[in-house]
Structures are given as structure tokens and as C-alpha cells.
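Peer 1: Mind docking chain B on chain A? Use the hints.
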Amino acid sequence: MVDAPLTGVCVERAGRYAAFAGGDGCVRIVDLLNREPSLSVHSLTQDAILAIVPDCRQSGFLCGADDGVVYETDATDGPQELARLARSWPDRLASHPCGLRAVSDGAQVRLLDAEGQTVAELGGHPSTVAGLAFDSSGRRLAVSHYEGVSLWRLDRPCAAPRRLYQRGSHLDLSWSQDDHFLVTTTQENMLHAWDLVSGHDTGLGPCIAKVKSVGWSADGAWLLASGADTVSIWSFSDGHLPPPAPGMLGRYSDHLVARICPSPHLPIVAAGYNDGGLELVSLTARPRVEALASPPGHLVTGLTWSPDGLCLLGGDSDGRIFAYRFDAGWLARLAGDD
Amino acid sequence: MAQTIPVTVLTGFLGSGKTTLLNRILTENHGQRIAVIENEFGEIGVDQDLVINADEEVFEMNNGCICCTVRGDLIRILGNLVKRRDKFDRILVETTGLADPGPVAQTFFVDDDTREAFALDGVITLVDAKHAELHLDDSEEAAAQIAFADVLLINKVDLVDAEAVDALERRLRSMNAVAQIERVRMADAPMDRVLDVGGFDLQRALDLKPGFLEPEYPFEWGGVLHLDSKATFSLRNGPDPAMSAVLEPVDAATPEVLKEAAERVFTRFSMPGDLLQAGAAIPPGGMLQTLALTGAERYDFTLAADRPGFYALFTEHLPEEFDAGFFDVAGAKIELAAEHVFNPEHTHDDSVRSIALELDGEVERSALNAWLSRLLQTRGPDLFRMKGIVAIKGEDRRFVFQGVHMLFDSQPGAPWGDQRRASRLVFIGRNLDEAALEQELRHCLVP
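Protein chains in written order, with this note's numbering: chain A, 1 to 338; chain B, 339 to 785.
If a hint is listed, it holds; no wrong ones were tucked in.
Under the rule of at most 20 Å between Cα atoms (straight-line distance), these lysine to aspartate or glutamate pairs were calculated in the EDC-like manner:
1) A:K210 / B:D747
2) B:K597 / B:E501
3) B:K731 / B:E696
4) B:K468 / B:E507
5) B:K425 / A:D3
6) B:K568 / B:D666
7) B:K468 / B:E520
8) A:K210 / B:E454
9) A:K210 / B:D450
10) B:K425 / A:D318
11) B:K425 / B:D534
12) A:K210 / B:E398
13) A:K210 / B:D451
14) B:K597 / B:E507
15) B:K671 / B:D638
16) B:K425 / A:D67
Calculated directly from the structure, the hints in this document are not laboratory data.
Next up, chain A with everything else stripped away, as it sits in the complex (with noise of 0.2 Å):
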């Protein structure tokens, strides 16, 4: 329990901590190995921690606060800090284990090598950047805007990147796993999907909501969504965009999901909803839904899970966090089909 709200979580790369960012400028980490968690707590900042993403390094957690400062910061190491930004919050940011990280400053993106020097700055975007995404290959940098994305190839950051235009204003980024696709959530609830091979690029939706929480299911096959009273589906199983409408998985709430975390290795997504409800809805024939929490409750503002897909991570608007730690064989029977 946290008297902030819960403003991120995730797990490093490694695979052994899991790290909740709340609004009291503290990171909280727990050892998944820890059959008994107990909670280290680290304090950063006085104010409130924007944002937090894995690290580069396989250990570690990278951290953006409102005073302005970038903290990379680990289970063992107090926090470092890493950049600190003169007039806006670093409260966008990305890592790839190439051994880069990405943090928004302002209308600029500021690239940082695993030793912390800035190696690029990414300027000419036409509003605040809302997004960043590395690909798979760590080889391009995806950051949405006001108008559209920004494609930078950081083998050549002094090239000018490819624009994806598309009126209004893009937030969040997300790649598919093969990197055929990118998806961002915008300002209208809708989401706006580009084929990169193909040229093509189309809206989905419209969900009932401001969408806050996007992913791919483990097989790439399943772009998954919050904003509407179950989850939003829609299938990239033939490699072309879908139709605009979505589909619904699960069953239907009286409130919204908030946030949704798929699998990453089995099909079964996470669905947090903002009366505080969470389930695991499987991506069969048949869904099965099975409920972990019941309403009422507070808004579900992170959900993650850890790279071996056992532990669900997670909290909310109101500070209370959780840790899921599940049997394989009863995650397996809940995704197997009928």
C-alpha cells in the first residue's frame, strides 16, 4: 500500500525484480524469487515518478520524476542520476537492451547510451512527444506527436525520419512483435494502425473511452486494447490491417477496462478495470474468464507481467498494489482450448 497513486510498473529484463512507481516519488521493489515478498522502498524524489520502464542492462529500472531528473535505479544501488531536464518532465521513455534509452524532453527526445551520455538529440517533432518505441532490432525509434509518428533510423540520426501523417494528436506507441506493424492509441478513443511494409495505415475503432493500454498477444496474431466494457480485439492473423471494428473479448462489465497486459507467452491477455476489477480473459475459441479482484475498488493505472509470464503485476489510482505469482499448469489449463 502506497498513500500515492501507483503511476507505473514493470519488471527489469533479467526477470528477478519488479519495480512500482508511485506518486509519493518512491520506487518499491520486489524479488519475484522471494517466495515471501517483502517490499524495498527507494526514495527518488519528492514528487511523484512519471514514468518507469525496464533498463537497458538486463538489471535495473529506468525512472522519469516531475522535478525533472531521469533516475536509473536497482534492487541493490541507490538511485543514479541519469539526465536532468531544464524545463519539461521526462515523463515518456524507452529502453532497448541494445543498450539505449530514449526520454521525452519537451518536443525533443533525448537518446542516452548504457553509460548515460546523451548520443542524439531527436528535435523537429511538431508538438510534445507523447510516445516512444524502440522496434525489436533497437535499430529505429518510433515517436508520436501531435500529427502523426516520427520514425528516426538511429544508425543515422542525423537523417530526417519518415513521417507517418495522420491528423490529431497520437499517445502511446506500440510495435508488433515482427515489426510490421505500429499502433498508436490518440486523443479520439480510437486507435491508428500503419502497415509498415505495405504503405497502407487505418483507424480503429471507435472504443467507448480514451484508450489507455494497448498490446500484442504472444503470437503476434492479436492487437489487444483497453476502453470499452470488455477488451477490444482485433485480428493481424493474415498479415493485413483489420477492419476497423473492433471485437469484444471477455465478458461484458458495467465499467471500463483501463488497462490490459498480454501474455507474453501464453494467449491469455490481463484486463484491469477502472472500479478496480482484474481478469484473465484467454484469446480461445471459447474465452474463459477468470476473476483475481472484484470491484469496487479504484482505477487500475499499471498492470505487467514478468518475462516467464508467471507473475501478474499491478495497482491503482488509490496506491494499493499487487503481485500475482500463478502454477504454470493452471495458466496452461486456462489458455489451452476446449
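Peer 2: Relative to the frame of chain A, chain B by itself:
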């Protein structure tokens, strides 16, 4: 749901005193924690509160609604403020001088996350008493800032004469009939006039009492003179070859008496008058006289006072336009005991104005919905603010609504009980046709 955090928006042209007001609010001993979202050119130095620089990133929603622009930076800043442990009691948003307040207001209608945690409390527009007329004459943004306001602060009133402030206030009132107008010197407005004004609170829409201007008069000017006997009303050539006038005996030289007399002579002005040549007499209590003002340099008319006392003279135009003066039989100048300028609407040609519609009876819900949605679709860009309380057939409770451009918010209000069912709507917009709007609303009435 936790309580929403009130947000106050400060607008006004450069030099109107936004920063002074901002500092007043921050230093006032109210015990509130306030976060300030400043425009990028802001330069205040306040250390007790959080000051965030914003870039005023206005973007168009990609939803086919041409006027639906929102502040992307505001969505993001407010989204980040919600994450903090130490919540703020209030947020102040200062816009740049030239900013249209529309996108800020619309952000609170459009973005779910913003709506959930924050409530737009009011738009406070600072008006520089000295330069406002100039700004209003040549800036669309200045007009929009007036139209959007819940509170209009006429600042620096000590730097101009009272008549100029009166004229400015009348002009502002004709544009925005709903806003509270305050006259201040160094942006020294009482805090309860600028905070917690509830300008976008539907529950408080019930207090809606638009302050419309006095009716238009067929004369521009009225003045009270004390006459012992006959006097001379002397004029020069002016902008017109003739001018109508009425002389009316009154009891005293007070503004109230002058206004009462104005009501009495109102109808006389609409009747045809006698044409008087120079030298003729204007009888007190008489009908309309039209003073011929051609063919000479100077025209003297006799104010035919039959006994000593106060007399009110009403003229079609301002006497100063004709270099007019009053003289007694000995030729001494008579000073005015009171005067009032009427009919201010014709002095400016502002395309922005307020329209209030009041209608007894009940309206058909489907007809009202169809009308309002058509109105917003076709006139949305020209409609800055709208508010209303409507009596809907078969509904026990009032239907209250408010809107900004094409965006609209409504909910059931207080029950009618045995009160007379009537609807009251106010629109503040550009180039609105009052007669057409009234007729369209009438069509929604239950027959």
C-alpha cells in the same frame, strides 16, 4: 469518486494585469495549495507554489468537428499532476494575451481523464480600461475573451475617466450579458469574485440571471437643467441636417428622475414631430420637435420654460456633436444638473453579443434536441457560450444545459414543484439572429 480540483483560467490581453491578479491570488492568505500553469512567456517568480510552463499546444480533434480544438499540453500537465501524492487544491491556468479561451474550455468537455479529476471553475478575463476599446475594435481574440468570460475585470479604472469606464462596461455588457463585471485598479478583485465562481457548474446554472442592458432609446442623450425662465439652446452645424428633441419638466436633477422622464418621452419620440426653424420655441411637456439645422452657422432655439424649475431635454444625438450650449436670458452659460447617454448599442458594431430567450410553457424534448443539435452543427463556431434552463414536457425536473462551441453538457436540475414552467436560454455568440433563434425555440413548444 474523489472531489474534482477546480481550475481557474485567466485570460486578457498583454498588459491587462493577468500576472498581477495571479500574484494576488497566490499571496492571498487562503491556505490553499495552488499550481500555476503559465504560458511559455510568463515570468512570475513565486516559490511557494508549483509553476509549470506550458507551450499552449492547441490541436484540432480528429472527430470531424471543425471548431473542436483542445490544449494537448494541458491534458498532459493535468494528467501528471493527478499522479502526485500531494494534491493541489486549485489550478490556475494563465493564457497568453492573444489566446482564444475556447481550446482551454473545450479540453474540460472533451478529455475524459481531465473531466474526471478536474472541474473548470471559471474563465476570468482581465480588461485594460485604457486600451480595451482599441483591442476590441481590431481583434477577434479580444472579443472571444470577452465572450467566454464568467468574470470580466475592468482593470486600471483609475487611469481613465469614469465615463470611459461606463462606456466600456456597456460595451462589454452588450457582448456578454452573463459575466459578472467588476471594476478594479491593480487587479485588486475580491477573491470570492474570481475563485469558486461555478461558471461551468450545471447546478449553479439555475442562478442564471443575465444582466441585459437597458432598452434601446430613440434618443442618445438626456440632460437636466435648472431654468428660471426661458433659455436658449444653441447649436452649430453637426453630422445631421436636423435633430429631434423633447423638453420635459421634471422634479429633480437625479439619474432616477432622468430615467423616469426618459420612459415618459419614449413614445413621443416615435411619432412624427413638427419641424422647427431656428428662433422657434420648444414647449415643455410638448410633442417631438425636429430642429432644422441647415442654412446657417448657428441655430438658437428657445427652451420655453413657463415657471422656474428643472427641465429634462432629450436629444436624438449627443449635443456635443453639434457643439451645443445652454444660455439664460442674460447670455450666461447654464451648466447641466444631470445627464445620461442612452442607447449605447449603436456606438459600436460588435458582432459578438448576448441573446436571452425566455418562453413560458413546456417544450417537446425531441424537438429541443433536434433544434439544439442542428444549431450546434451549423452555428457551433460562432457560439462561444450557452446556458439554459428548459421546461420539458413530462419532466418533473428542470433540464439544465451549458455548452462551448459544439460541445454540450446537460443534466436534470431542481424539480419544478408548483412553480410556473418557463424556459430561459442565453447564447453568447457572433452574428446571432435573435428573432430567428426565438422563432426556432417557439417551434419546440408543446402546442
